[in-house]
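J.: These are the residues of each chain, in order.
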Amino acid sequence: MSGADARGARLRVRPSVLGGLTGRGVGVGARGAGLRAARGAVVRRTRTAPVRLGLGPALPAAVLRLLPGALVLALGALLGTGDAVRVLAAAAAVLVVARPAWPIAGPLVLLAGLAVLTGPDRVTTGGGAADALGVPGPVRLAAVLLLLDVTLRALSLAAHAAWGGRVEWAVLGRAGRVALSTQLVVQPVLLLVLAVRAMSDGAGPGWLRVLALATAGLLLGLALPRARAGRETTARWPRGRRTRGDA
Amino acid sequence: MTGVTDQPTPDPRTGSRTTSPGGGWGASGGPAWTGRAGVVLLVVAALVGRPDLALVGALAVLVVVGGRRGGPADVTARVDQVVEPDGPPGSLRADLHLGVPSGADAVRVRVDRPGYRAGEALVAVAGSRTLEVRVASVRTGRQRLFRAQLQAVAGAGQHTGPVREAPAGEAVVLPRGRGLAELPLPPRLRGSTGQHRSRRPGDGGDLRDVHPLGPGDPPRRVDWRVTARRAPALEQLYVRRTLALAEATVTLVVDSRDDLGPDPATWGGTQPARPDDSTSADLARQAAASVAEGHLSLGDRVGMEDLGVRRRTLRVGTGRRQLDRLVQQLALIRPQGRPPDRVRAPQVTAGSLVYLFSTFFDDEPVHLARTWQRTGHRVVAVDVLPQPRRTTDPRVELALRMVLIDRTDRLAAVRAAGIDVVRWADGAAATHLLEVARRSRRAPAHAGPRRGRG
Numbered sequence: 000m001s002g003a004d005a006r007g008a009r010l011r012v013r014p015s016v017l018g019g020l021t022g023r024g025v026g027v028g029a030r031g032a033g034l035r036a037a038r039g040a041v042v043r044r045t046r047t048a049p050v051r052l053g054l055g056p057a058l059p060a061a062v063l064r065l066l067p068g069a070l071v072l073a074l075g076a077l078l079g080t081g082d083a084v085r086v087l088a089a090a091a092a093v094l095v096v097a098r099p100a101w102p103i104a105g106p107l108v109l110l111a112g113l114a115v116l117t118g119p120d121r122v123t124t125g126g127g128a129a130d131a132l133g134v135p136g137p138v139r140l141a142a143v144l145l146l147l148d149v150t151l152r153a154l155s156l157a158a159h160a161a162w163g164g165r166v167e168w169a170v171l172g173r174a175g176r177v178a179l180s181t182q183l184v185v186q187p188v189l190l191l192v193l194a195v196r197a198m199s200d201g202a203g204p205g206w207l208r209v210l211a212l213a214t215a216g217l218l219l220g221l222a223l224p225r226a227r228a229g230r231e232t233t234a235r236w237p238r239g240r241r242t243r244g245d246a
Numbered sequence: 000m001t002g003v004t005d006q007p008t009p010d011p012r013t014g015s016r017t018t019s020p021g022g023g024w025g026a027s028g029g030p031a032w033t034g035r036a037g038v039v040l041l042v043v044a045a046l047v048g049r050p051d052l053a054l055v056g057a058l059a060v061l062v063v064v065g066g067r068r069g070g071p072a073d074v075t076a077r078v079d080q081v082v083e084p085d086g087p088p089g090s091l092r093a094d095l096h097l098g099v100p101s102g103a104d105a106v107r108v109r110v111d112r113p114g115y116r117a118g119e120a121l122v123a124v125a126g127s128r129t130l131e132v133r134v135a136s137v138r139t140g141r142q143r144l145f146r147a148q149l150q151a152v153a154g155a156g157q158h159t160g161p162v163r164e165a166p167a168g169e170a171v172v173l174p175r176g177r178g179l180a181e182l183p184l185p186p187r188l189r190g191s192t193g194q195h196r197s198r199r200p201g202d203g204g205d206l207r208d209v210h211p212l213g214p215g216d217p218p219r220r221v222d223w224r225v226t227a228r229r230a231p232a233l234e235q236l237y238v239r240r241t242l243a244l245a246e247a248t249v250t251l252v253v254d255s256r257d258d259l260g261p262d263p264a265t266w267g268g269t270q271p272a273r274p275d276d277s278t279s280a281d282l283a284r285q286a287a288a289s290v291a292e293g294h295l296s297l298g299d300r301v302g303m304e305d306l307g308v309r310r311r312t313l314r315v316g317t318g319r320r321q322l323d324r325l326v327q328q329l330a331l332i333r334p335q336g337r338p339p340d341r342v343r344a345p346q347v348t349a350g351s352l353v354y355l356f357s358t359f360f361d362d363e364p365v366h367l368a369r370t371w372q373r374t375g376h377r378v379v380a381v382d383v384l385p386q387p388r389r390t391t392d393p394r395v396e397l398a399l400r401m402v403l404i405d406r407t408d409r410l411a412a413v414r415a416a417g418i419d420v421v422r423w424a425d426g427a428a429a430t431h432l433l434e435v436a437r438r439s440r441r442a443p444a445h446a447g448p449r450r451g452r453g
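For the protein sequence lines, the chains are A and B, in the order given.
Going by numbering that gives the first Met the number 0, the letters in the first sequence line up with residues 0 to 246, in that order.
Going by numbering that gives the first Met the number 0, the letters in the second sequence line up with residues 0 to 453, in that order.
Hints are computed from structural coordinates only; laboratory data are not their basis.
Accuracy of the hints is not assured; some may be wrong.
Taking CB as the label site, the calculated pair distances span [as the list claims (entries may be wrong)]:
no.: 1; chain 1: B; residue 1: Arg-310; chain 2: A; residue 2: Ala-97; range: 54 to 60 Å
no.: 2; chain 1: A; residue 1: Trp-168; chain 2: B; residue 2: Gly-318; range: 47 to 53 Å
no.: 3; chain 1: B; residue 1: Gln-327; chain 2: A; residue 2: Pro-237; range: 32 to 38 Å
no.: 4; chain 1: A; residue 1: Pro-59; chain 2: B; residue 2: Arg-337; range: 47 to 53 Å
no.: 5; chain 1: A; residue 1: Gly-53; chain 2: B; residue 2: Arg-389; range: 33 to 39 Å
no.: 6; chain 1: A; residue 1: Gly-53; chain 2: B; residue 2: Glu-434; range: 39 to 45 Å
no.: 7; chain 1: A; residue 1: Pro-59; chain 2: B; residue 2: Arg-310; range: 47 to 53 Å
no.: 8; chain 1: A; residue 1: Gly-175; chain 2: B; residue 2: Arg-141; range: 44 to 50 Å
no.: 9; chain 1: A; residue 1: Ala-142; chain 2: B; residue 2: Arg-141; range: 55 to 61 Å
no.: 10; chain 1: B; residue 1: Gly-336; chain 2: A; residue 2: Pro-237; range: 32 to 38 Å
no.: 11; chain 1: A; residue 1: Ser-199; chain 2: B; residue 2: Ala-125; range: 46 to 52 Å
We put the beta carbon where it would ideally sit given N, CA and C, even for glycine.
Only chain B is shown next, with the shape it has when bound in the complex (with noise of 0.2 Å):
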């Protein structure tokens, strides 16, 4: 047998890929030429009388006949990915799982990925072994895995079995937020469920005022205290009255018609980006996730909106299986096909602070900041390019130059527009996004009608 490369069949249930047996040991031509030297020589010296060419001839005899295997000589494998919450960002990890026949020393392991240096080796192996495989990887969402091709090998390398390949599987990977410290507010607060400080009479705030007990009032509010202060005959009661707790409701609307890395020969589509380059769309994923945790985690109410697929529209929810639904969600995105054309903005909650994760290439997202800004809306927009790489090209950094000079003029429209730019790809999105927060907490936001009693 020659050069066998059975197709793997995918495992239903984990995805996968398994090798199936077959096939026995083979020697390649080398052994055999040596087992041949080995007797000329010996015949030549029983002829000659030579016994120290005889024991070179033995040697070589013994070196081939000492090696000699039988049975089976498949290699078995499957390639799981591995899923580290904790473990390092920007690395990807799958585990390959070897199981080897028995009089195998060793299993020559290749192990490749598009866009990567193969990695190969002579591992020993007994019976069966994992090993782990990593690469370096800062893109997130549908990735494809590693491709392993093996073979057992035996008697110090002179008997191989059969090459096997288990193929690449594919797996998300899902991005990661970054922990924002503060995150801007809506201009409006809504429900009681939240941990922000709103304007309406309510429990759970910080202390509205002391007012004398009247009708409705809980007897568990009266403040001792103070009515033995100013009522020291009890003729009036007096209670404290606090601010009543609200949520923002926020829309994360993530433009996925594109995927620009930073290298602009890769924008036309015709080359891949670098894998170890983060795409626009990895920085919205990322930016997207850290808001999304962020709010999130404050019991605010997070939806998400696609500008490019409708049928990806996220309702907003609260809660860690929202950050889960939004955090799957945005490992998904990715341009897929021709984006319908929008004749009207996306519906978004009433009053709902509205993060619009865009590369800002066209004008779309500026027409649809601007729509939601006027209808009441607090936008900010999320300038998700990444630093783009300068070019040897004339031509190309001309080209650069201009399609760059559009979009800061479509950015400086937004800004003109009362909208607040974060720029992501940069070091100091938080920071920017710190300032933001504190501009937007600088009018307080009040709460919208009131929901049961407070």
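Just chain A, with the same shape it has in the complex (with noise of 0.2 Å):
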């Protein structure tokens, strides 16, 4: 039987209950509304217990939903000097926080794309040019590709992580590996341009640009059929809700 139905039965069977609790004014016949208008009035938000999960070491979600706006904010820093930067930097911090379950890691890219390619190039010969803080172009460049990195995977996650939840540390070093994996080939590459850069003094030698043609090519081929298949079986998170019953 259900709740309701016990409660039925109580109705019926235990008049006396209700007859007692009646209202001013409120006639027997019509307790039952006049008891639903009183209690309307103490109806509160009852502090309710949460369901606990026996998980590893974790850290609170919040941490994590937070950390991605952290990092563009720093990003944006790294990146450029100006106001509009900021601006679009912090903008787009508020975002990744609020819902980085939207597709923004996208146009994250091409604003990071664009503060690079407005910015001087930072892989020249020498070294590169210091900034006003005197570290050198090279070194902010990998640095800027270790935080895009750090970033759209901490995004990622982030758009699984709810505020009240908890992630547990052993998902974050699986993360991290993979972000490391990366870097070990990014950063190396980085170095192999450089190095480049410099033999050639200064100029990038033209079937450099070829390659970078081919490789843009090849990956478009490998990204874009992904991403039409990732819009066919992406299933969507239910929302969380406030669950009442008879418990």
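Both chains are given apart, each in its own frame, so use the hints to dock them into the complex.
T.: What follows is the structure, encoded as structure tokens:
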């Protein structure tokens, strides 16, 4: 029997319970409505106890949700000194914190690319030009590549973390290992480019551009079919809702 | 596939639910856009001759391509209730068994239960894992367990599998006894297998007297020391006679017609009681289980009657199995349908001690208690209404006062009939019961008709 049936049984069988609980001016015949009205005044949001999961070492998911925002701000600070870059970085930070599940990573990459493009060439001969803080251009670029990688990973994970949830350190560890493997490819390539630039005395050889275009074409072929498949098979995580019942 | 939610099939043996396999990995729009952005940057970098830009673009593409996954992406799940007889009281535990496909880094888990805040986490799973799920719950009886929603996550969050759901099953949470030091006795003891001292001669009890050996006295009872003192020439042998042991017959009468929490606003039935509040049914279960445990541990015979549903009657019995039957029966009591109008009081074994567990919100339990008392039973009325919580609404407060005044009058009438009333909701219930037990022992119980020799 459901809880409603049980309550119904009480309503029918124990009239004295409700007969006594009648408000001022509410007769026995109308006691149901009277009681509901009376109860409405005392209904309060009760503190609900949580369902506890036996997890390994974990941190609050709120930290993971805030992490991409902080990383975007750091990225903005690293990429440019202009107000426009900072404002854009701040806006992007707010967006990635509030809506990590939105497809923000793409625009974020484009913005980072734009900031790089409008800035000085950071892979120049002789180790690159140092900025106002004295940080050489290649070092700054290496830091940008690292931060962008971590930001994209953190953003992907944050999209699956609820504010009130928890994230196991092991999950972050795995993501960190994946990011490290990417960095192990990208950072040596940066060194390689620096070396090639140094050997070719500043200007990049023509074949390097051709190679870059070919790589872009290859990656285009790899990435786009995947994106199409992704649109078809993505499962949306249901929104959390407060459940009520006769527990 | 979007929002895949397969209906799980319950395991007929364990009642646990398992999701069915099927479905592959999918990427959200994020990685796709990231990859495209990376390619655009690469092209632009190639056109303008900026290797630093090319590196940024290549990084974006690598991030997307590196998270590539194939094969099935389904999470299988099963929720099993875990009964912890020696575990901490006031908690309900279940094990969530997870099985994830190869390539998954983590599983997004949300576990909820009616009346509770859902627990959500991103957990690392390699192949399979069992997660302990626990809530603080003071409720007993039939309870809904946990519902779990699951999704495999791969590629550091870039790819996800279909969402699966393991719906909540049901479990019966058995009440636990409190452990009572001393319990009242009925006016008459019966049988010869209990641990109570009766007033009739027999075996097992304390010394009754020393008496000259007569017909029927076994020779092993001869007290040679007394005989040597009183009859040195052995012209008369003396035997030590002892009192018999006997058991009490106890009937637990549980009023299952209502289930009221401490919040008067929930008494109408339109709102459920909070899960962290003990209701009157929970208190009745606990009180009855405590009393049954105490009496059965002394070898008494205990049975049960339900004022709400007649088929829940359990005949008196003794032993561990009877305790299991009683506890199981108590766990299942709840308001059910329209209770029949009783013409007669439920019949209880002659000379038994009757415990009546009720909220005393109507006259029926009062009438029954008086009837039993008049017919020679000792009755202990156990008031199982939780302490009502104060409300802020003056109308509800007034109505509550009126209801409680009625109830107080009924309890006064019960006391006036010579019936002991014990309030279970306060912490001194065991002390009250102890006082009742001592009062009941001042008038020593006497055994009923002899059974066998003794």
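J.: Against the structure shown, which of the earlier numbered hints fail to hold, in ascending order?
T.: none
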